[in-house]
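Chemist: The lines below spell out each chain.
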Amino acid sequence: MTIWESIDQAPVSLKHWLVGLLPAAVQWLASIMISGVAIIAVFATLFAVAVLLERKGLGRMQNRYGPNRVGPWGLLQPVADGIKMLIKEDIVPHQADKVLHLLAPVLLVAPALLAFSVLPMGRGLTAIDFDLGLLLFFAIGASTELSVFMAGWGSHNKYSMLGSLRAIAQMISYELPLILAAVPVVLLTGTLSTDQIVAAQGSMFWQWHICTPWGAFAFVTFLVCALAESNRSPFDLPEAESELIAGHLTEYSGFKYALFFMAEYFGMMAISGLAITLFLGGWQAPLPSLSFVPGWFWFFAKLLVLIWIFIWVRATLPRLRADQLMDLAWKFFLPLALLNLVVAAICAKTPAWIGWPAALVLLVPSVFGLGRLLRGTRPRGGKRIYQYAE
Amino acid sequence: MNSEPAKLENAPLAKPYELRPKALADGGQPGELLEISMGPQHPSTHGVFRMDVVLDGERVVKLKPVFGYLHRNHEKIGENTTYLGSMPYTDRLDYFCSLTSNWAYALAVEKLAGLQAPERAEYIRVITAELTRLQNHISLVGFLLQDMGASGTPLMYAFREREKILDLFESLTGARMMCNYMRFGGVRCDATADWISRVLTLVDNYPRFLDEYEALLTSNEIVVARTQGVGVLSKELAISAGITGPCLRASGVGYDVRKVDHYSIYDRFPFRVPVGEHGDCYDRYMLRILEARESVKILHQAVREIPGGDFIDPKVRAKGFKAKPGEAYGRIEAPKGELGFYLISTGGASPYRYRVRPPSLINLTVLEDMCLGHTVADAIAIFGSIDIVLGEVDR
Amino acid sequence: MLGTGILKGLAQTALNLVGTFRKPAERLVTVQYPEQKITLKENFRTIPFLVYDGDDPEKGLRCTACKICEKECPPQCILIEPLRDANGKLAKHPKVFDVDLAICMNCGICAEVCPFDSIKMDSVYEITADDRFAGLIHHKEQLSKSNEYYHSIKPTEATEVDGRLAEEQRKADESAKAKAAKAAAAAKAPAMKPAAAPTPESPAP
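Protein chains in written order, with the numbering used here: chain A, 1 to 390; chain B, 1 to 395; chain C, 1 to 205.
Bear in mind the hints are in silico, worked out from the structure with no lab data behind them. Here a beta-carbon is modelled for each residue, glycine too, at the ideal position from N, C-alpha and C. Hints are not guaranteed to be accurate.
Quick look at which bits of chain C chain B covers, simulated, 3 or more residues with Cβ under 8 Å [unchecked claim]:
hint	segment
1	4 to 13
2	101 to 112
3	132 to 139
The calculated lysine-lysine pairs, modelled on DSS-like cross-linking and capped at a C-alpha distance of 27 Å, are [what the hints assert, rightly or not]:
hint	chain 1	residue 1	chain 2	residue 2
4	B	LYS315	C	LYS179
5	C	LYS23	C	LYS92
6	B	LYS322	C	LYS67
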């Protein structure tokens, strides 16, 4: 094995060596646990990196330094934040349901971590390699909505309850376009296994699914729905401070709040990971000549790029109102995702020189049409011209 | 003085203000109403301000603004302080635009005493007032976007530009915000040629910043979706409620005190007054950007044409200033609307009655009418677009 | 196209991000206090201080305790008690001069109305104290600062004030000399009358 290949396979080799140290009877358990611990360690570090990246990036985009007092360039800021969250007083409302109040953040973080297990992070680096990976991912993702409801209900606060209901409505509405955006990929690769989806995309970047018309639209839909699923701007109505109804997070403090925060970032990273798997070729390099660089490097590089795009969008856009958010999901993204599915089917069955023009002819006008439909439901749309008096 | 209170024999009984209506305006029965107080501590109210909102589902059914948390007895203090001593207090009325508040007060006193400022002082006054207008309008847009959830980015850009203007104020008057600069018959100290050239540099760079700001916001679909059609103020209601300033002009009425009163030397500047059409939040936002562009034009011309001469009427003594008996109302086009000072003098060192006409308070009276039927998030956007400073509302 | 507005907005934020690295003077305007401090403009005014000429804060103090600043101060934060000599006559010097910084609103009216150019506005802003009430009252000793200090913080203003005071002193000296000459001439003429030697009043310091 060359040096590059050994770096590429280093995590796998390490795991095999560790498992080999233990007696054969518990090796199956050790294998799973080592994978789990590795995922938690890696993604907790990535969480710290993402938090720092967000604060520094947001700061720079707003023409200011981000945190730069704690450690050089603020590198120890996540540590400081972690210590702060740990030593804060854990306030539980007097009449709250204590079990639910405790379980909600835990049951939000656990599925997010579980979702990482089906993502192929490198050559042979999928924690659980089985045939229904995509389905498992979406099933786990849907279970997070229950935790949001538990958070709202367990707080024994009228406004938290209403806020959590709004958050759930948002998340459920955006599940549909999310899944429908992923279905064309399944259609064209014929498999639900994430490993095989990555393998089905070629090793050159123009063979990735994003470089097809249906893939591009599906990718954009997927990203926007990912923003909505993880309650990030411009869909962060549940967490908004300036909204009246406070959201399901009101009654949480200290480490439980940190867990919610972590769950949001883990969700963001998990969905970005899935977007990479489905549309961006997974752990593959853009060009075969660069494939000596380890696969996990490409995966995490692409993940950081997507996280950066999320941060960028957060810095730029104001929040959408609740009903506008729902309108967008049901009246724009859902029809678009369905149409995308039809277009993908057409592309699958016809050669490229028919399929691609047909796709563009079908998709582009419908985007405009649906957009016009959305705007039309508002009283005064359209461009404006201002007069001057005298 | 009458020692017993007047007897109101046939005065009509005042109807108690009903916060929870028994029937809606369109005759329907309201469902389960939710009464919420958007309390004085709130991240989106521009100061300590409370709104008692009654919601039917998500729609606002009734809205009662409650203010007074920042009342500081400005008018009563004005009755007990000398004319000069009231000038620093006017800084603190609309603390964002202290120089225009100073100017309105100086104008009122000058009308009372029959003074006239020399030409150079007038030019300096116009320059400082238009600079104030620039920094107020972009800050307002920044705050509006902040309330709508834009995580502070437009606000930071606005404040970056505002800092440059505040630096200019500091060089000229000695303080960034509480300027205390206008005096009766002129200004407190002269503006150096170096300062004038710095104003020119700022004004030359300003349109580029406004272009960047507009590129970020004006055609942004989310901003458009949140502000168009929201908080419509009809022309008739605006005129009858006494709304002034950009809110009035956004509703289609081309009324600008600078053009109507011809005060100071504004007649020498050919600037246009932008007028909106629909009267919603988007119009109010766009109008401020357009007005900022017009102010840039005024500044260019003023900086070029400023003459030499006295910066204050040499015969005026601010220290022992006593006004002749009489009354005067001095008003200017402050960035928020028509700011007026009404002074009644009985010949002493302090006025007998000192009344401020705050544009923010008058503009706030139509908040309920604008918010009815909208959701709570819209109410916040509408409130932000009226441009309120609580210092002025509560005095 | 639907979404161009959002793309334009994203371009603006990216422009600002890149701008903080390439042109920090224009985009990244943060001053890292307390390691860096903003250079203050000359006109910057915070709390008042008393100017004294020469080296001795007591003898060189320009203030004559005329109490005009105390009267004109809008929030009335100045307390002055004039010094009286053995006969109870006013000695044109303050015994007590207190400024309550918790009340002072930095308006500068005291400096504007002082006829003797003795109270001026300082530029210090790091004036924290441990005690909220007594610690924020600055007495005469704390408030007295030399004319050199005044020159160091506000050179143009100080030079102008010095020039004006020197001019006034010169005029006062000249008029005193003229009066003395006239009195001497008048004393010489009627030799019978006891010549009361008029002592020229030296102008107030």
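Chemist: None of the hints should be skipped; say for each whether it holds.
Modeler: Hints and how they fare:
{"no.": "1", "hint": "4 to 13", "in the structure": "holds (count 8)"}
{"no.": "2", "hint": "101 to 112", "in the structure": "holds (count 6)"}
{"no.": "3", "hint": "132 to 139", "in the structure": "violated (count 0)"}
{"no.": "4", "hint": "B:LYS315 <-> C:LYS179", "in the structure": "violated, 30 Å"}
{"no.": "5", "hint": "C:LYS23 <-> C:LYS92", "in the structure": "violated, 57 Å"}
{"no.": "6", "hint": "B:LYS322 <-> C:LYS67", "in the structure": "holds, 19 Å"}
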